[in-house]
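S.K.: Sequence:
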Amino acid sequence: MIKEMKLIHICEVCGKTKIMTSEQAFEEGWDYPPKMGAFGIVSPRTCGNCDMRYTLRMAIQTGRIKGIEDMTPEQRIVLNRIINEPASIQP
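If you count the sequence shown from 1, position 50 lands on 54 in the numbering used here, and the numbers rise without skipping.
No wet-lab data here; the hints were simulated from the structure. Errors might be hidden in some of the hints.
Unchecked claim - Dumping the calculated DSS-like pairs for lysine-lysine here, alpha-carbon to alpha-carbon at most 30 Å:
| no. | residue 1 | residue 2 |
| --- | --- | --- |
| 1 | Lys39 | Lys22 |
| 2 | Lys20 | Lys39 |
| 3 | Lys70 | Lys39 |
| 4 | Lys22 | Lys10 |
| 5 | Lys39 | Lys10 |
| 6 | Lys20 | Lys10 |
| 7 | Lys70 | Lys10 |
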């Protein structure tokens, strides 16, 4: 089951990475599927210390990004990782 698998959790704001289960991530305050949101859907991927205001989701929601051409290289990496989850975050 995916909830019991250890996955690479990557904070899109500070870049922190940690391999853990979804339950461990949730307990540490991470916003990460499947406990928070869903795989493959653009939503925040943050550690327990970072603010969601600086995520790809917020940039899209506030209109700072209207299309892929408006994204920074880092935001494109985040988008690609999210689209390909959970395969893209398997250790």
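S.K.: All hints, please: hold or fail.
M.R.: Hints versus structure:
1. Lys39 to Lys22: holds, 16 Å
2. Lys20 to Lys39: Distance of about 19 Å is within 30 Å: holds.
3. Lys70 to Lys39: It holds: about 28 Å lies between the C-alpha atoms, which stays within 30 Å.
4. Lys22 to Lys10: Holds, at about 10 Å.
5. Lys39 to Lys10: At roughly 13 Å apart (the allowed maximum being 30 Å), Lys10 and Lys39 satisfy the hint.
6. Lys20 to Lys10: holds, 16 Å
7. Lys70 to Lys10: violated, 34 Å
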